[in-house]
Amino acid sequence: MEPAIGQRLVGDMRAPSKKPEHSKTDLQVREQIIHALYLKLKSERETREALLDASQAGSGPEVLEAIASDPIPVIDDLGQEETVRALVDRFVMKSDMQSVDDNGTGR
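Under our numbering, the first residue of the sequence shown is numbered 75, with each subsequent residue one higher.
What the hints contain is simulated information worked out from the structure, not anything from laboratory work.
The beta carbon of each residue, even a glycine, is placed where N, CA and C say it ideally should be.
Accuracy of the hints is not assured; some may be wrong.
[As the list claims (entries may be wrong)] Pair by pair, the computed Cβ-Cβ distance ranges are: (1) Arg119 <-> Thr99: 27 to 33 Å; (2) Asp163 <-> Tyr112: 15 to 21 Å; (3) Gln102 <-> Ala140: 35 to 41 Å; (4) Asp170 <-> Glu123: 26 to 32 Å; (5) Gly134 <-> Leu101: 46 to 52 Å; (6) Ala142 <-> Tyr112: 19 to 25 Å; (7) Val137 <-> Arg164: 36 to 42 Å; (8) Ser143 <-> His109: 24 to 30 Å; (9) Ser129 <-> Ile108: 27 to 33 Å.
Sequences and hints are given; from them, build the entire structure.
Encoded structure:
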């Protein structure tokens, strides 16, 4: 009898392989990073559109400067900038650990 995908035969018992767990965790981390970066890109696009609209409406330089120098992009509003950094660091660390597990050398 052949082992199922994601399992290996150990004696007469089937033991689940640990690799899919790492892949699932890595995928979740990647999705979170992608989502946070999407929010940042969306914020930058909204700022660009606001600048264009204000410029076309004849707004004064003070208004344009205020829009352009908005110190709080949406990713900071959501308190996620540090979260993104932590997620990236965690992903890199997990990738390094997985590499060591796979070939015993790291990277």
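Numbers of the earlier hints that this structure fails to satisfy, in rising order | Failing hint: just 4.
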